[in-house]
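**Q** So the chains spell out like this:
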Amino acid sequence: MPFTWLLLILAAIAVVGYQMGRSRALKSAGGDRRVLHSLPVYYGSNVAMWAIVPAAAVLIVWLLAQPFFVNSRVLATLPDTMVSEGSSIGLVMSDVRRVADGLDTAVAQGAMSRDEALSLSTETSDVRERLGDVGVALGSAVSAEVLKGAQLYRTLNATGSTLMTVLVLLIALGGAAYAYSRSTADFRARNNVERGILALLIAAASVAILTTIGILFALLFNTIEFFKLYPAADFFFGTNWAPSFSGRGGASDLGVLPLLWGTFYISFIALLVAVPIGLFSAIYLSEYAGPKVRGIAKPLIEILAGIPTIVYGLFALLTVGPLLVSMFGKETLGWMQGGTAVMTAGLVMGIMLIPFVSSLSDDIINAVPQAMRDGSYGLGATKSETIRQVILPAALPGIVGAILLAASRAIGETMIVVLGAGAAARLSLNPFEAMTTITAKIVSQLTGDADFASPEALVAFALGMTLFVLTLGLNIFALYIVRKYREQYD
Amino acid sequence: MTDASMTPTDAPKKKSSLMAQDARTRKRNAAETRFRMYGMAAIAVGLLFLVFLFTSILRSGLPAFTQTVVDIEFTLTQEQFDTAESKMLKTGEYQKIFVNALSEQLDARGLDVAFDAKAIQRIVGKPGGTIRSFFLENPDRIGTPVSFELAASSRVDGYFNGRMTRDTLVDSRFLMATDLDLVDALEEAGIIGGAFNWNFITGTDSGVDNPGGAGLGASVIGSFFMMLVVLFLSLPIGVAASIYLEEFAPKNRWTDLIEVNISNLAAVPSIVFGILGLAVFIQFAGFPQSAPLVGGLVLTLMTLPTIIISTRASLAAVPPSIRDAALGVGASKMQSVFHHVLPLAMPGILTGTIIGLAQALGETAPLLLIGMVGFVAREYPETFVGGFTDANSAMPAQIYTWASRADPGFYEKAWGGIIILLLFLITMNAIAVVLRRRFERRW
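If you read the protein sequences in the order shown, they are chains A and B.
In terms of my numbering, the first sequence opens at residue 1 and continues consecutively.
In terms of my numbering, the second sequence opens at residue 1 and continues consecutively.
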């Protein structure tokens with residue numbers, strides 16, 4: 001494994017550099033560490049840093065850039081006619097890559113010599129059969145162009161890797177040598193190393209920004225791609241969701257409204273369960289319960305928040321669903337057809353949200369100043385009157401914020417609705433019917449076997465974008481309210 | 001006199017007594033009690049849900065850990081071995097030997113049940129192959145009594161676990177009502193019974209038609225490698241980011257931007273991270289599908305906000321006097337942070353990290369999108385590097401896969417998987433609590 005070797009050599013250069021830098025600095029000080037500007041460790045670290053950081057940066061950039069370069073070069077050699085023959089660039093390229101991988105495997109197994117793999121041509125031998133012999137199955141016979149492309153792909157990649165190894169090692173050695181030459185007694189090694197560490201810290205902190213950019217990039221790019229294939233107005237205002245998968249042909253209806261309706265309906269029922277229970281629990285725990293009850297009940301309720309959503313999903317599918325059917329199903333009231341329904345998912349999601357509402361409200365109620373309670377008691381109000389007429393109005397903005405946060409959780413929840421809500425997209429008021437949500441459809445559109453470039457798969461990104469914007473908006477609004485409320489009493 | 005007219009004689013004086021409550025006070029007190037009751041009821045309902053959830057997990061999941069096995073001891077003579085090996089249908093011949101041995105043993109115990117080879121097939125599958133391969137590998141055991149433990153079919157399993165009764169059984173090619181007589185007789189003879197199902201913990205996933213043989217082992221390994229990625233990326237990055245934000249960051253636009261981003265990322269739905277993983281790591285960067293490496297990367301990005309938030313809290317809890325003292329004796333800012341503040345904050349940081357890991361361990365939605373669900377994890381990874389890059393499943397993804405299969409036999413496995421998953425989570429959280437109790441210092 002040349003890549004692992006490269007990393008090991010880099011590490012070795014750093015270690016050797018560390019020792020050398022340290023001893024050179026010590027020697028220049030005549031062995032007396034008091035003469036050094038910094039501790040000896042810093043001289044060593046400085047050399048190691050110079051050896052690794054620039055080399056690693058070049059390595060990462062190279063690894064990211066090489067595939068693009070190779071792809072574009074290989075594409076340029078492929079004739080245009082290949083691409084237009086009812087396939088896409090991506091398909092042709094994946095053929096090329098598969099053949100190239102196959103050749104690699106063949107060479108690695110010794111079934112083909114290195115030169116043979118480069119000079120192989122479709123006229124003299126059946127590439128598909130030869131690759132099949134070494135366990136690489138190819139869908140169809142390999143055309144001359146694809147084989148040429150694959151050979152070019154391999155050559156470019158091989159040269160690229162060699163070049164990269166040489167360059168990275170040179171940079172590492174150069175960096176180490178540069179830092180080594182500066183390792184003298186009065187070199188400010190500590191300041192240099194600390195500047196390097198600070199840069200690393202800043203880079204780590206910026207990962208959060210990179211993630212957001214990554215999310216936006218992934219969603220936006222593919223959403224635009226989707227709107228090129230499918231009119232945006234039909235997506236946003238369509239009332240019918242009926243994707244047709246590639247095999248069956250025909251146009252798909254991809255209206256988001258039924259999904260939005262299902263999402264909001266399920267979230268509404270979830271909040272209907274979670275808000276009263278959560279709010280009353282919070283009130284009881286913060287105003288009535290003694291420290292003992294509080295110490296037991298609060299962690300117990302918060303266990304509900306630590307349970308993974310897949311557990312709730314299974315609970316909805318296998319326990320709550322059948323239970324509801326036995327209560328409202330054909331044999332009793334006849335309201336419910338199957339176990340998966342808005343009610344099932346909403347109820348279970350409500351259970352999941354109870355601790356969320358209760359611990360947020362608990363914090364907010366506790367933040368109401370004691371003076372307000374004392375004033376109310378002083379006027380002769382009972383505890384419940386104080387809560388209803390003083391504390392709750394004072395805490396209202398915060399509680400609304402908490403509910404909004406819970407709502408954004410509910411909208412973004414996936415596993416419970418995937419397992420518990422059903423798959424049919426419909427606009428209906430009956431809570432005992434199966435409906436589906438944005439998140440459930442993102443999963444089903446992206447885990448099916450649809451072609452990735454089809455509108456049926458790309459619509460998932462538009463749905464993701466809708467979801468992202470929706471939850472982000474709710475969150476920002478909720479956090480704004482909560483923060484504003486906190487400032488009021490601080 | 002005017003004085004007399006001022007005293008109202010007709011309006012009766014309101015009587016109030018400290019001894020007896022008036023109606024209004026009673027009403028207010030009743031309202032007070034009612035309100036209090038609402039609160040208690042809310043807590044009771046919440047706890048009830050918790051109890052309900054856990055009983056249904058335990059009730060449905062525990063049977064997954066036991067397995068019904070047919071435990072039979074019999075002797076194969078050299079003669080029988082030779083004749084069986086000379087036949088065309090070798091395994092069929094062994095099956096006959098097996099059936100004969102079984103009926104002999106039943107007869108010996110005075111249990112008379114009529115059955116044929118087909119019934120045996122429905123109960124334990126085709127035992128011939130197992131027996132033959134055993135004797136081919138151990139030819140020296142021919143002639144000595146050998147005991148075989150054969151897994152019973154999932155329907156017999158269901159009958160034993162109470163998932164299915166005689167009344168609910170529908171005759172099919174999988175199990176007939178008459179077979180249950182044989183099963184009862186076998187049970188009376190002590191040949192069939194329950195055993196701990198080690199295969200469920202150490203085994204790998206089976207195909208869609210064999211719930212009995214499904215195991216969680218491979219996906220536990222998949223989860224383990226994912227958690228390794230999460231730990232080794234999110235802990236250093238998270239701690240570095242928190243140190244910067246808490247100790248060094250100047251108050252400027254860039255810092256504000258980072259802060260806003262972190263708090264928003266903490267609230268982004270997990271499925272969106274799955275989309276990110278699919279589009280950026282798999283499509284764009286070309287990482288392999290279903291690989292624990294990709295899952296680990298996505299979960300790292302999801303866990304980062306959690307770790308950053310808890311790390312910043314524990315860094316902020318270290319009193320400024322520590323920093324001042326370090327600076328006072330000549331340490332640089334960097335030295336004061338890395339040599340003094342960070343070690344003191346470490347218990348809190350580790351606690352936060354473990355809790356973040358526990359969250360990541362149970363996360364399912366992003367794994368659906370990076371292809372961990374369609375994949376049937378039949379094998380353990382062969383090498384250490386392969387553990388990161390070979391397609392594998394993860395615990396929650398495996399549970400989801402089982403839950404969405406058509407055969408209800410898999411539901412039991414899904415519940416059992418949940419028990420194992422929850423055991424892991426409980427252990428991790430317990431470690432976090434112990435760490436906090438033992439090492440956290442309060443200033």
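Derived from the structure by calculation, the hints contain no laboratory data.
Remember, it's a predicted structure, so these values are computed and weren't measured experimentally.
The reader is advised that the hints may include incorrect statements.
Derived lysine to aspartate or glutamate pairs resembling EDC-like cross-links, with alpha carbons at most 20 angstroms apart [claimed, not checked]: (1) Lys484/A <-> Asp22/B; (2) Lys333/B <-> Glu385/A; (3) Lys484/A <-> Glu32/B; (4) Lys27/B <-> Glu194/A; (5) Lys87/B <-> Asp71/B; (6) Lys298/A <-> Glu385/A; (7) Lys383/A <-> Glu32/B; (8) Lys383/A <-> Asp22/B; (9) Lys330/A <-> Glu194/A; (10) Lys87/B <-> Glu137/B; (11) Lys292/A <-> Asp363/A.
Derived, one-sided and incomplete: chain A residues facing chain B with beta-carbon distance under 10 angstroms [as the list claims (entries may be wrong)]: (12) Ile9; (13) Ala12; (14) Val15; (15) Val16; (16) Met20; (17) Val193; (18) Glu194; (19) Gly255; (20) Ile354; (21) Val390; (22) Glu413; (23) Leu419; (24) Ile438.
Built from N, CA and C at the ideal position, the CB exists for glycine as well.
**Q** Now, for every hint given, state plainly whether the structure supports it.
**A** A quick look at each hint next to the structure:
{"no.": "1", "hint": "Lys484/A <-> Asp22/B", "result": "violated, 43 angstroms"}
{"no.": "2", "hint": "Lys333/B <-> Glu385/A", "result": "violated, 53 angstroms"}
{"no.": "3", "hint": "Lys484/A <-> Glu32/B", "result": "violated, 31 angstroms"}
{"no.": "4", "hint": "Lys27/B <-> Glu194/A", "result": "violated, 70 angstroms"}
{"no.": "5", "hint": "Lys87/B <-> Asp71/B", "result": "violated, 27 angstroms"}
{"no.": "6", "hint": "Lys298/A <-> Glu385/A", "result": "violated, 24 angstroms"}
{"no.": "7", "hint": "Lys383/A <-> Glu32/B", "result": "holds, 7 angstroms"}
{"no.": "8", "hint": "Lys383/A <-> Asp22/B", "result": "holds, 19 angstroms"}
{"no.": "9", "hint": "Lys330/A <-> Glu194/A", "result": "violated, 72 angstroms"}
{"no.": "10", "hint": "Lys87/B <-> Glu137/B", "result": "holds, 19 angstroms"}
{"no.": "11", "hint": "Lys292/A <-> Asp363/A", "result": "holds, 18 angstroms"}
{"no.": "12", "hint": "Ile9", "result": "violated, 18 angstroms"}
{"no.": "13", "hint": "Ala12", "result": "violated, 20 angstroms"}
{"no.": "14", "hint": "Val15", "result": "violated, 20 angstroms"}
{"no.": "15", "hint": "Val16", "result": "violated, 24 angstroms"}
{"no.": "16", "hint": "Met20", "result": "violated, 24 angstroms"}
{"no.": "17", "hint": "Val193", "result": "holds, 8 angstroms"}
{"no.": "18", "hint": "Glu194", "result": "holds, 4 angstroms"}
{"no.": "19", "hint": "Gly255", "result": "violated, 20 angstroms"}
{"no.": "20", "hint": "Ile354", "result": "holds, 5 angstroms"}
{"no.": "21", "hint": "Val390", "result": "violated, 14 angstroms"}
{"no.": "22", "hint": "Glu413", "result": "holds, 7 angstroms"}
{"no.": "23", "hint": "Leu419", "result": "holds, 6 angstroms"}
{"no.": "24", "hint": "Ile438", "result": "holds, 9 angstroms"}
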